[in-house]
Amino acid sequence: MATTTASLTITSSDLVGDALSLSASNTLHKAGTTTGLEQATGLTKTYLTAVTPIDLFGTILPSGSTGNVSTYEGKSHWIYISNKSEDETEYATITIGDKVIGRLYAGDFMWMPWDQATDALDGTTKHADIELAPSVATGMWFEHCMIHEGMKLPTSV
Amino acid sequence: MATTTNTLLLESTDLLSDSLSVSAIATLTGAGNSTGLTLTGGLGRKKLTSGHAQYVLFDGDAYANGAHKIYLKNTSSTAAEYFTIEINSEQMGKLYAGDWCFFPWEANASTNDIKIDPSANDMVLEYMLLSE
Numbered sequence: 000m001a002t003t004t005a006s007l008t009i010t011s012s013d014l015v016g017d018a019l020s021l022s023a024s025n026t027l028h029k030a031g032t033t034t035g036l037e038q039a040t041g042l043t044k045t046y047l048t049a050v051t052p053i054d055l056f057g058t059i060l061p062s063g064s065t066g067n068v069s070t071y072e073g074k075s076h077w078i079y080i081s082n083k084s085e086d087e088t089e090y091a092t093i094t095i096g097d098k099v100i101g102r103l104y105a106g107d108f109m110w111m112p113w114d115q116a117t118d119a120l121d122g123t124t125k126h127a128d129i130e131l132a133p134s135v136a137t138g139m140w141f142e143h144c145m146i147h148e149g150m151k152l153p154t155s156v
Numbered sequence: 000m001a002t003t004t005n006t007l008l009l010e011s012t013d014l015l016s017d018s019l020s021v022s023a024i025a026t027l028t029g030a031g032n033s034t035g036l037t038l039t040g041g042l043g044r045k046k047l048t049s050g051h052a053q054y055v056l057f058d059g060d061a062y063a064n065g066a067h068k069i070y071l072k073n074t075s076s077t078a079a080e081y082f083t084i085e086i087n088s089e090q091m092g093k094l095y096a097g098d099w100c101f102f103p104w105e106a107n108a109s110t111n112d113i114k115i116d117p118s119a120n121d122m123v124l125e126y127m128l129l130s131e
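Sequence order for the protein chains is E and Y.
Number 31 in numbering that gives the first Met the number 0 belongs to position 32 of the first sequence; there are no gaps in the numbering.
Number 0 in numbering that gives the first Met the number 0 belongs to position 1 of the second sequence; there are no gaps in the numbering.
Mixed in with the good hints there might be a few duds.
Below, simulated DSSO-like cross-link-like pairs (lysine-lysine); rule was C-alpha separation at most 27 Å, straight line [unchecked claim]: (1) E/K29 <-> E/K44; (2) E/K83 <-> E/K44; (3) Y/K114 <-> Y/K45; (4) Y/K114 <-> Y/K46; (5) E/K74 <-> Y/K46; (6) Y/K45 <-> E/K74; (7) E/K29 <-> E/K74; (8) Y/K46 <-> E/K151; (9) E/K44 <-> E/K74; (10) E/K29 <-> Y/K114; (11) E/K151 <-> E/K29; (12) E/K151 <-> E/K74; (13) E/K151 <-> E/K44; (14) Y/K45 <-> E/K29; (15) E/K74 <-> Y/K114.
Since the hints were made in silico from the structure, they are not lab data.
This one's a predicted model, so the numbers in the text were calculated from it and none came from an experiment.
With the hints as extra help, turn the sequences into a complete structure.
This is the structure:
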């Protein structure tokens, strides 16, 4: 069992009248257990030169063995995405199942759970993917990884 | 203009054969500019019962589009207890005991609400919205 921790600090001396110093830390576990996550995609750096949305973590896959439930639906997956651009006007739109979560502007990062639930747009056999769309086609760098409990890989053709 | 800094650190010595140590630091600024975010609802906590399915934590109607950021934490210490997080009726994921998340939020539509659903009675969610 691996031990992986994710820590966050948010600090500001002038956002509010009292200094803000928030800290949160957790160990990444399999869903509903205290067993550590053991799988990861590895930290990846990607250079995108089109504004076309891409599936950064795409698991729109046929149904599993039990109806439309994905083999890994409800499992624990953690997503890290960082926009490495240094141009403050450049951003990436992050969506899940075509629903916009938000924009990552230059230097921004996100850390979110993803349980591969059935896509509300489809509702049958597809499961919400994580998409990223750069705001410019002149080239943007992104860093991303997933630490997870399991994922279905495409069958070779 | 306020200066708010957030830092993420992912660490493991045994997930991979090489130690994992990923750090990211960001200063929270407005959409497409370098002006620091100036608004926040403050750090809050809310106790929820399971009857609060589809509880709207942040209403897309209440905010203009912008570079908003959301922090959520499940304060439970019971491993099986979780909050389900939804955006615009699309399930994002589940925050189990002790888990936290931090993500951008674009209130780009009146339907782009952030909704939460506790798995058990009397669970406490910690939350904060930083907004433009």
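These are the hints, each one checked on the structure:
1. E/K29 <-> E/K44: Between E/K29 and E/K44 the Cα gap is close to 26 Å, so the pair holds against 27 Å.
2. E/K83 <-> E/K44: With Cα atoms ~9 Å apart, E/K83 and E/K44 stay inside 27 Å; holds.
3. Y/K114 <-> Y/K45: holds, 13 Å
4. Y/K114 <-> Y/K46: holds, 14 Å
5. E/K74 <-> Y/K46: Since the Cα atoms of E/K74 and Y/K46 sit roughly 25 Å apart, the hinted pair holds (cutoff 27 Å).
6. Y/K45 <-> E/K74: Distance ~26 Å between Y/K45 and E/K74 Cα, so the pair holds.
7. E/K29 <-> E/K74: Status holds; Cα separation ~7 Å.
8. Y/K46 <-> E/K151: violated, 36 Å
9. E/K44 <-> E/K74: holds, 25 Å
10. E/K29 <-> Y/K114: Roughly 23 Å separates the two Cα atoms, so the pair holds.
11. E/K151 <-> E/K29: holds, 16 Å
12. E/K151 <-> E/K74: Holds: E/K151 and E/K74 sit about 12 Å apart, inside 27 Å.
13. E/K151 <-> E/K44: Distance ~22 Å between E/K151 and E/K44 Cα, so the pair holds.
14. Y/K45 <-> E/K29: Within the cut-off at roughly 25 Å; holds.
15. E/K74 <-> Y/K114: Roughly 20 Å separates the two Cα atoms, so the pair holds.
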